Amino acid sequence: MGSQRFFEDIVEGQEIPSLRKVVTTVNILMYLSTVWLMDRIHFDHPFATQQRGLPNVVAPGNMGGDYYAQLLSELAGEKGVVRKMSFQFRNFLLPGDVLDVGGKVTGKYVNEGKGIVELDLWIRNQNNINCVPGKGLVELPIGGGKRA
Amino acid sequence: MKESLLEKLDWKKYIGTETESYTGEPVLGRDIRRYALAIDDPNPIYYDEEASRKGKYGGLAAPLFYVTWAVGVPGSEKGIKDLGEDGLASFVGVPEIPNVWDLGWVRGGEEIEFVKPVYVDDRVTVKGKIVDMKEKDGKSGKLIFVTSEFVYTNQNGALLARHRLTMIGTPRKESTDG
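These protein sequences, in sequence, are chains A and B. Just so you know, the numbering used here puts 53 at position 53 of the first sequence, and the rest follows in order with no gaps. With positions in the second sequence counted from 1, the corresponding number in the numbering used here is that position plus 1000.
By construction, these hints were calculated from the structure, which means they are not laboratory data. Mixed in with the good hints there might be a few duds.
[Said to hold, decoys possible] Taking lysine-lysine and the DSBU-like style, the derived pairs with C-alpha atoms no more than 30 Å apart in a straight line are:
| hint | chain 1 | residue 1 | chain 2 | residue 2 |
| --- | --- | --- | --- | --- |
| 1 | A | K114 | B | K1116 |
| 2 | A | K104 | B | K1116 |
| 3 | A | K135 | B | K1127 |
| 4 | A | K84 | B | K1008 |
| 5 | A | K108 | B | K1056 |
| 6 | B | K1116 | A | K79 |
| 7 | A | K135 | B | K1116 |
| 8 | B | K1116 | A | K84 |
| 9 | B | K1129 | A | K135 |
| 10 | A | K79 | B | K1056 |
[To be verified] The following label-pair restraints were derived from C-beta to C-beta distances:
| hint | chain 1 | residue 1 | chain 2 | residue 2 | range |
| --- | --- | --- | --- | --- | --- |
| 11 | A | H45 | B | G1084 | 11 to 21 Å |
| 12 | B | R1164 | A | E78 | 22 to 32 Å |
| 13 | A | L29 | B | F1145 | 27 to 37 Å |
| 14 | A | D100 | B | R1053 | 28 to 38 Å |
| 15 | B | V1151 | A | G113 | 19 to 29 Å |
| 16 | B | E1113 | A | E12 | 16 to 26 Å |
| 17 | A | T106 | B | E1020 | 31 to 41 Å |
| 18 | A | R20 | B | R1123 | 48 to 58 Å |
| 19 | A | N56 | B | E1049 | 36 to 46 Å |
| 20 | B | K1013 | A | G13 | 45 to 55 Å |
| 21 | A | N111 | B | D1082 | 45 to 55 Å |
Remember, it's a predicted structure, so these values are computed and weren't measured experimentally. Even for Gly, the Cβ is constructed at its ideal location relative to N, Cα and C.
Turn these sequences into a full structure, and let the hints guide you.
Right, here's the structure in full:
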């Protein structure tokens, strides 16, 4: 999707194209049912709020990992490779949240002939809180795509 | 106040414990499609076979992080009467630890290295190992950090991903401070 990015195109400090995600109870239910996850904090409002003291039902944290996987896959494009990502869950993703899923290049280097790009990642909610700070490592093709 | 919850639980001896390996059933196109819908990823390579053949994976493959679900949560498919009050029957990461449900658990952090994607019809195997346990004093009491490492392979024995997951446990309000 979109044109291929190459290692040479990347500048340290640049932000990569972000994703906008809206958390809804329907998306949460789709996720829970497709992976067979029955944890009541994700769908049972009285349980989540009264017994676990949460502000609402909460999205499975894993969804943040999926958002990052999509973000980095779109950066990698057809010829790049998503190598690694890591993240910490600091704030819950809640129904109604409008999320800015983005990243900033913190470093780039060539290792064994491969163009490696390092990124800081964020999932910011509408209150500008980074709910799931993370890091990513993506390999991008070098030299205008001549590499096999 | 100084008392170590981790010592009281006597869990440190489980560091290094490996889980059995679990193998999932073949991944369906439907699994991939529904997963992509749930995470709102519109890339046609997850929905359309022809697009997927022309795409980077050369066939129908799942969104990358799906690998952590490709086996399901081992032991989670139980009837209502066998589920805990949380709705959970097993705990990914520390299934063998006694009294694991004395704590309430949330995900702390994850780290994953992707090696190969999961394709439709793949049978994924996961094997886990507890690699670390820590204790910290949080604002509202003790926090227990359990870090596990999971290795995912496919039916040909090819490595798909290495995954580290840290779960954070806190004593349940009604059953602690005893």
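(message) Run the distance test for K84 of chain A versus K1008 of chain B: straight-line Cα separation, threshold 30 Å.
(response) 36 Å, violated
Exercise. Is the straight-line distance between the alpha-carbon of K1129 of chain B and that of K135 of chain A 30 Å or less?
Worked result: 23 Å, holds
Original post:
Does the alpha-carbon distance linking K1116 of chain B and K79 of chain A stay inside the 30 Å limit?
Top reply: Given that 30 Å is the threshold and the Cα spacing comes to 14 Å, the pair holds.
Range hint compliance [Cβ, L29 of chain A to F1145 of chain B, 27 to 37 Å]: Holds, since L29 of chain A and F1145 of chain B (Cβ atoms, about 30 Å apart) stay within the stated range.
For K1116 of chain B and K84 of chain A, compute the direct alpha-carbon distance and say whether it is at most 30 Å.
Given pair K1116 of chain B, K84 of chain A holds - Cα atoms ~12 Å apart, limit 30 Å.
* In this structure, is the beta-carbon distance linking K1013 of chain B and G13 of chain A contained in 45 to 55 Å? -> 47 Å, holds
- prompt: Between N111 of chain A and D1082 of chain B, does the beta-carbon spacing fit 45 to 55 Å?
  reply: 49 Å, holds
Tell me if the straight-line CA distance from K104 of chain A to K1116 of chain B falls inside 30 Å. 25 Å, holds
Cβ distance range 16 to 26 Å for E1113 of chain B and E12 of chain A, holds or violated
Once the Cβ atoms are compared, 23 Å apart, the range 16 to 26 Å for E12 of chain A and E1113 of chain B holds.
If you check the beta carbons of H45 of chain A and G1084 of chain B, does the distance land in 11 to 21 Å?
19 Å, holds
Query - Outcome for the supplied range 31 to 41 Å, where the beta carbon pair is T106 of chain A and E1020 of chain B - result: For T106 of chain A and E1020 of chain B the Cβ distance comes to about 39 Å; the hint holds.
Exercise. Indicate whether the distance between the beta carbons of V1151 of chain B and G113 of chain A respects the range 19 to 29 Å.
Key: Distance hint for V1151 of chain B, G113 of chain A holds at roughly 27 Å.
Hint compliance for this structure: hints 4 and 18 are broken, all remaining hints hold.
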